[in-house]
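Here the protein sequences come in this chain order: A and B.
Sequential numbering from 1 applies to the first sequence in this note's numbering.
Sequential numbering from 1 applies to the second sequence in this note's numbering.
One thing to keep in mind: the hints can contain errors.
What the hints assert, rightly or not - Just some of the chain A residues that point at chain B, by a computed CB distance under 8 angstroms:
no., residue
1, Met-117
2, Leu-118
3, Ile-123
4, Leu-155
5, Phe-171
FYI, nobody ran anything at the bench for these hints, they're computed from the structure.
Just so it is clear, CB atoms sit at the ideal spot from N, CA and C, and this is done for glycine as well.
2 protein chains.
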Amino acid sequence: MLQGPASQPQIDIATPIARELNAVLDVFDRELASDLPFVNRLTQQVRNYRGKLLRPKLLLLAGRASGELTHDHVVLAAVVEMVHMATLVHDDVLDEADMRRRHDTVNRLVGNEGAVMLGDFLISHAYHLCSSLSSTFASRRIAAVTNTVCEGELLQIENRGNILLSEETYFDIIRRKTAALTAVCCEMGAVASGADDETIAALTRYGADLGVAFQIVDDLLDLTATEHETGKSVGRDAEMGKPTLPVIRFLAGASAADREAMIAALTHPTPDTPATLRSMLRGSDAIEQAFDAAASYVTSATAAIAPLPDSDAKASLIAAAEFVLARRQ
Amino acid sequence: MLQGPASQPQIDIATPIARELNAVLDVFDRELASDLPFVNRLTQQVRNYRGKLLRPKLLLLAGRASGELTHDHVVLAAVVEMVHMATLVHDDVLDEADMRRRHDTVNRLVGNEGAVMLGDFLISHAYHLCSSLSSTFASRRIAAVTNTVCEGELLQIENRGNILLSEETYFDIIRRKTAALTAVCCEMGAVASGADDETIAALTRYGADLGVAFQIVDDLLDLTATEHETGKSVGRDAEMGKPTLPVIRFLAGASAADREAMIAALTHPTPDTPATLRSMLRGSDAIEQAFDAAASYVTSATAAIAPLPDSDAKASLIAAAEFVLARRQ
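Turn these sequences into a full structure, and let the hints guide you.
Quick look at the structure:
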C-alpha cells in the first residue's frame with residue numbers, strides 16, 4: 001500500500017511547467033475580459049476560487065511527460081480550468097438550495113441568478129477559447145467530456161436521498177463527474193504533444209484513476225475534516241442526502257442495529273448529522289476501507305505511466321497522485 | 001407602419017424548409033439520447049417546451065434564401081435550438097417560473113439543481129454537435145454568440161431592480177441576450193450556403209432587427225397578455241424588477257404624479273403589480289409606442305433583405321418578421 005500522510009511529497013509538482021502555468025493564467029484572464037464592468041467584477045470573484053490548478057497542471061505535465069509543450073497546451077490548460085471553475089460555480093448554486101455556505105460564493109454575492117449565468121459565461125468562454133485552436137479535436141473532446149460531467153451530476157441528483165446507493169452507482173457517478181475530466185486533461189496534453197497511441201492511453205488511464213482517487217478522498221474529507229482544514233464547507237454530502245464510499249462500506253459491513261442507526265441518521269439529516277456519522281464511522285473500519293480504495297487507484301494510476309521514459313514531468317505526475325492521498329491528513 | 005393583428009400571415013413560413021425541419025428534430029433527439037433513463041426523462045420534458053422553432057427556421061430559411069441547404073444547415077439548426085432550449089431552462093431557474101408552453105418547467109419538476117444541470121447538459125450537447133462539423137467556423141461563432149447572450153443576461157441581472165433603467169441599456173440588454181442569437185442564425189445559414197459577403201451581411205442584419213422586435217413584443221406580452229394566451233407565466237418582469245420598453249416610455253412621458261405612482265408600484269412589487277402596471281400603461285400611449293418601436297425594427301429587417309432575389313424562402317422570412325407583430329394580439 002502507498003504511504004499515507006507521512007509521505008507528503010516535498011517536491012513542487014509544478015516546477016517542470018512553471019513558465020507555462022503562468023501563461024495559462026494570462027490566457028485565462030484575457031479570455032474572460034469583458035466590456036461590462038459588472039461581468040469583470042464577477043470573474044474577479046471567480047479568480048479567488050483558484051486552488052491548486054490541478055487540471056491545468058495535469059494537462060501540462062502529461063504534455064511535458066510525452067513531448068514538448070506548445071501554445072496549444074497553454075490554451076487547453078486554460079480551457080480545462082475554465083470548465084472546472086464553471087462546475088464549481090454551478091455546484092455552489094446546487095448546494096445552496098438547501099444550505100447557506102459560510103463563505104463568499106458567487107451565489108452569495110449576486111444571488112443564484114448571477115451564479116447560474118456566470119457559470120454559463122465561463123463554460124461559453126471555455127468553448128470559445130477551445131474553438132480558437134486550428135484543429136477541431138479539442139473542441140470535440142471538451143464538449144464530449146462536459147456531456148459526461150453533466151450526466152454524472154444528473155445521476156447524482158437522481159440519487160440524492162438514495163440512502164442505499166450502490167457502490168457501483170457511486171463509482172459510476174464519480175467516474176463521470178470527476179474522473180472523465182482529469183482523464184481528458186491528460187489525454188489532451190499527450191495528444192497535443194504528438195504522443196503515440198500507447199502513451200496517450202497510458203496517460204489517459206493515469207488521469208482517470210487519479211480522478212477516482214481524488215474524488216474518493218474529497219468525499220472522505222467532507223466527512224472527516226474540519227472547515228478550517230479544507231477551506232470549504234464540510235459535512236454537506238450527508239446533509240444533502242449523498243452517501244459516499246465510507247457510508248456505503250459501513251452499511252455493507254455493519255450489524256443490523258448499526259445499519260439501522262446509520263440509515264436513520266441519513267434519512268432525516270440535521271446540522272448534527274455529519275458529527276453523528278463521523279462518530280459512527282470512526283467506530284468501524286469504513287474510513288480505512290475508503291482510503292484503501294483511493295490508494296489502490298493511486299497505485300493503478302502510477303503503474304499506468306510506469307512505462308513512460310523517466311523525466312521531471314513524470315516524477316511530478318507520480319507525486320501528484322501520491323499527494324491525493326496526503327490530502328487526507 | 002406595418003399592419004398589426006389583422007395581418008396575421010396566412011402562409012406557413014416553414015413550407016420551403018419542411019423536410020429539413022423534420023431532419024433537425026431527428027438530429028436534436030439523437031444528440032441528446034443518453035444511456036441514463038433519468039436524463040432521457042428530463043430531455044423529454046424539454047421537448048415539450050418546443051414552440052415555434054423560430055431559430056432553426058430562421059437558419060434554414062436564410063440558407064435557402066441564399067443558396068442550397070446542406071446537412072450542415074440541419075446540424076446547425078439543431079445546435080441553435082439546443083442553445084435556445086438551454087437558455088429557456090436556465091431562465092426558468094432565474095425567474096422561478098412554474099410554467100412554460102403550458103407544461104411544468106424543469107425546475108418545478110426536479111428542482112433548481114436538476115434544471116441548472118440539465119441546462120448545462122443541453123449547452124454542452126449544442127457545442128458537441130457543433131464540433132462534429134468539419135469546419136471550426138460554426139464552433140467559433142456559436143461560442144462567441146453564447147458569450148454575448150450570457151453578457152446580456154448578466155447585464156439584465158445587474159439592472160434588476162433598477163426602476164430607472166435607461167432605454168439605451170434596455171436595448172443593449174435585448175441586443176445581446178436575444179438579437180445576437182437570431183442574427184447568428186441567419187448569418188450561419190447564409191455562410192453554410194456559400195453566400196457572398198453582401199448577402200451574409202443583409203441576412204445578419206435581418207436576424208438582428210427581427211430579434212430586437214421579437215424581444216420588445218415578448219416583453220409587451222408579459223405585461224399585457226394572460227397566462228392562457230402565452231402558455232407561460234406572465235407578469236414576471238414587473239415582479240422581478242425588470243422594467244421593459246412600455247414602462248421606460250411611460251416614465252419618460254408621464255406627469256410627475258403618474259411617474260411617482262409607477263415608480264412606487266415597481267419599487268415594492270407584489271403579485272398585484274402586473275395588474276396595476278397594466279391599468280396604468282393602458283391609460284397612456286406607452287404600449288403603442290413600444291409596439292411602434294417593434295414595428296420599425298420589423299420594417300428595417302424586411303428592408304435589409306429586399307435586395308435578395310425573390311424566393312419562397314425570402315417570402316417566408318418577410319412573413320416571419322411580420323408575424324412577430326401579429327403575436328401581439
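For each hint, the structure was consulted:
At its closest, the beta carbon of Met-117 (chain A) sits 5 angstroms from a beta carbon of chain B; the interface hint therefore holds under the 8 angstroms criterion. Because the beta carbon of Leu-118 (chain A) sits about 7 angstroms from the nearest beta carbon in chain B, less than 8 angstroms, this interface hint is met. Hint status for Ile-123 (chain A) relative to chain B: holds, with the closest Cβ pair at about 7 angstroms, below 8 angstroms. Checking Leu-155 (chain A) against chain B: minimum C-beta separation of about 6 angstroms stays under 8 angstroms; hint holds.
For Phe-171 (chain A), the interface hint is violated, the least distance from its beta-carbon to any beta-carbon of chain B being 15 angstroms, above 8 angstroms.
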